[in-house]
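Line order of the protein sequences matches chains A and B. The first sequence begins at 1 in UniProt numbering and counts up by one. The second sequence begins at 1 in UniProt numbering and counts up by one.
One or more hints might be untrue.
[To be verified] Counterexamples of contact, computed for chain A against chain B with all Cβ distances above 10 Å:
| hint | residue |
| --- | --- |
| 1 | Trp61 |
| 2 | Phe134 |
| 3 | Gln186 |
| 4 | Gln335 |
| 5 | Ala340 |
[As the list claims (entries may be wrong)] To give an idea of the interface, some chain A residues facing chain B are shown, with a C-beta separation under 7 Å as derived from the structure:
| hint | residue |
| --- | --- |
| 6 | Gly29 |
| 7 | Val31 |
| 8 | Ala34 |
| 9 | Asp56 |
| 10 | Thr92 |
| 11 | Ala96 |
| 12 | Glu115 |
| 13 | Gly118 |
| 14 | Gly120 |
| 15 | Ser339 |
| 16 | Thr341 |
| 17 | Gln345 |
| 18 | Thr349 |
Honestly, the hints are just simulated from the structure, not real lab data. Only a predicted model underlies this, so the values are computations on that prediction, with no experimental measurement involved. Think of the CB as a built atom: it goes at the ideal place given N, C-alpha and C, for glycine as much as any other residue.
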Amino acid sequence: MSAPTLTMEGSDNGAVLHLAGRFLTQSLGSVEKAFADVSVGTGALRIDMSRVDGMDTGGAWLISDLMRRQEATGGQVALESVAPAFEALIETVRAADPHEHFDEAPPRSFRGFLEMTGKGVVNGWHDTVSLFSFFGETLAALFGTLVRPWNLRAASLFSHMQDAGFNAIPIVGLMGFLIGVVLAFQGATQLQQFGAEVFVVELIAISIMRELGVLLTAIIVAGRSGSAFTASVGSMKVQEEVDAMRTLGLNPIDVLVLPRVLALLITLPILVFICVITGLFGGALMSWINLDITPGMFMTRLQDTTDVKHLIVGLVKAPFFAVMIGVIACWQAFQVKGSATSVGQRTTTSVVQAIFMVIALDALFSIFFAQMGI
Amino acid sequence: MDGAAHTSETGTTTQREAIIKVRGLRNQFGPQVVHDQLDLDVWRGEVLGIVGGSGTGKSVLLRTIVGLNRPAAGSIEVLGVDVVNASQAERGPVEQRWGVAFQDGALFSSLTVLQNVMAPMREHLNMSTRLMKELAELKISLVGLPPLACDKLPSELSGGMRKRAALARALALDPEIVFLDEPTAGLDPIGAAAYDELIRELQRALGLTVFMVTHDLDSLYAICDRIAVLAEKKVLVDGPIEGMTEVDHPWVKEYFTGPRARAAQLKTGKGPETGGE
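In isolation and in its complexed conformation, chain B is listed as follows:
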């Protein structure tokens, strides 16, 4: 918990701190088991991408970690607090140290963008409204929205702007961890690339830990330090993207060596083939 502003650590660092620790997680809806014996560590300062086929419970995992879904078994530790069994009083401070940006923004539709970003501040911070407004404007500007957007209702924004506004709200309390659910889904390639770049920049500048559920191979190549693949009800494999093509599992193989993966890889020059030449 040393201030913000430290650069991202990649897998090479020896001393890494698990900011989120999931052990033996089991999620079940009726007879349908989504996760079983799932273990996952998220290191401080990394960008972790969660991938997996449809229905493998990527969003469920995110929702479970942030406490929107109660697991059937297992433990989840965030910033050293057991969030599954903690009382509301113990959870409160931890909740203020993470921010969540939902897929379609989930902005409060009756509030303007500025009021949306100020909403968590009003609730949790003890400062003047003027400073709150300034900080909210700063956050909105940090995510690349024009000052004009402050006054708009979410329904008046485009999909990409809504996602940016949602990120601004997630950053409102200067969290240490940011959860992103499909951040680039539904954006055009240019918008998606810009959003990737934005996440990377903010992550570096503010020293964030980013937990992101995504399908976007371009984002995986461009900004993720590490990738965790969900399959067969657990984290099948995790590691940097370069190692993913070596994994001997049909789904993983198809995902990371398919035509789209190759295209994404060529763009960033990060893959094993291009690296070797």
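With the rest of the complex left out, here is chain A:
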């Protein structure tokens, strides 16, 4: 392999550039700068190629680029003793020269910033409208199903209930248990200072039933099933399966969205209940170990002092969260455009949005219940 070389030589009738070696893409790095350094004057330049014994489009590009620059400044350029094959290649490359080179990433400026902000606001507005209309479509489909229950895709519904509900029991149960343990442990150390250990029962029961159980279960489900919904429906969108459905007279909302949303609507309250039970169990266990509150005492105190309304307050929120998660996940999936990257982005957004909306909704519920005195 003879490396490519350039030698410049001045003579009476213009400069001569001697090229030698093999001008292949692999080895162009070494001569790139030399080519750029060839001073382009207005005089005549002859390129002697008698000792060139290899060339591909990369090499041909550098030579044709040099020729173009020379011609652009009004100089003359000629190839000498060039093999016919190389000449043909250079001709091909010159013919294909894109001439106009496009510029990447426009420079950042204050105007660009304003433009971006404006686009962001407009897109945000469009997204909001689109989400609400999607929510409306889903509700309409839901009522349609209530009127004609035989139209419901039962197999699909049960399959999603299995995936999103039944299969989530271990993780939700474990999480509830650990939350109970943590609350008992943390509560105990604080309450012991006042000699009020026994109030740890109320601490655990009320916080898990009212807030933590439902909130954390919804977050787990948003991360677990919301992402799965967006990814799977989003991939179908990429593969044009959703469009295929429309052409076959199937309503994607009925076929894809409703079974998923309904599955969450049915299973999330059950998961919340399981979370509450395991949470109480974990709390009771920790209170027994740490504070010598026997399970019997824990039960009695729970029944005496904790109203059942706390459990109901928690469970009432679950269906709202379920619909929120399901609708956001499916809506994000329908926003997928084109590529696999888009599926990834939408999945991330779906989870973040669902979790945020769940927490925001929970805050609204808190205010509502406080105002109502529940």
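Position chain B against the provided structure of chain A, taking the given hints into account.
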């Protein structure tokens, strides 16, 4: 390995160099044997078309040669290197001397067309980004895409443009061999003819060896120097298309004398019947 830019040699040349040499290849998926005792030579500078019915393992053969599928037995030599048993270090240089264009492009969906073409360059070449960009733009222009396409994502391109972009990426490192998997599938007849013409032109201008899996009879007649028919788990017959109608095998007969074959043949005037008149 003499530079590029030499014209295509047809079967008449006496001194021909086997750039790919497949011997005794056996491919098996579970109990299903796809290839058995398959031999194939690809000569430098030719356009070889691989045809065969569905499920005869055309794409598997391509994938096996480029190393995406490990054969159960047999040897494959590409540019003098035994690619089946070579270490990664030995394979690397050979891999840079071939380019593969997959059926649906297989462009990286998160990168623009320009970035797709630059991707192999960034990895393997030691040159300035500016030169890489210029070379990538040149490749994109060579395959007949407008400069505007540089900035587009693959999802924003039509099927035909994606195939062209895939070819541009396959040509990024100026390879000696180009593998094409169903290059004209899914293109309209005009687009397919233009793509055939493009492959032919590039092959002549850059001195490429083209290994192409195809179903398209028009491409076979228009640009292939030689055809290899896969059937009965091996290369049943190979040679220029003119000889294919003489082959006494039901599938080959049906393929090359069916109504579509006759139509394609009339277009190019390459077949034995038209040639004789």
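Structure-based check of all given hints:
1. Trp61: At about 5 Å from chain B, A:Trp61 fails to clear the 10 Å cut-off, so the statement is violated.
2. Phe134: The claim stands: A:Phe134 keeps its Cβ more than 10 Å from every Cβ of chain B (closest is about 22 Å).
3. Gln186: holds (44 Å)
4. Gln335: Holds, because the least Cβ-Cβ distance between A:Gln335 and chain B comes to about 14 Å, which exceeds 10 Å.
5. Ala340: violated (5 Å)
6. Gly29: Where the cut-off is 7 Å and the nearest Cβ of chain B is about 4 Å from A:Gly29, the hint holds.
7. Val31: violated (10 Å)
8. Ala34: Because about 12 Å separates A:Ala34 from the closest Cβ in chain B, which is outside the 7 Å limit, the hint is violated.
9. Asp56: Where the cut-off is 7 Å and the nearest Cβ of chain B is about 4 Å from A:Asp56, the hint holds.
10. Thr92: holds (4 Å)
11. Ala96: holds (5 Å)
12. Glu115: violated (18 Å)
13. Gly118: violated (22 Å)
14. Gly120: violated (20 Å)
15. Ser339: holds (4 Å)
16. Thr341: It holds, given that the least Cβ distance between A:Thr341 and chain B is near 4 Å, below 7 Å.
17. Gln345: With a closest approach of 10 Å, the A:Gln345 hint is violated.
18. Thr349: Interface hint status for A:Thr349: violated (16 Å vs cutoff 7 Å).
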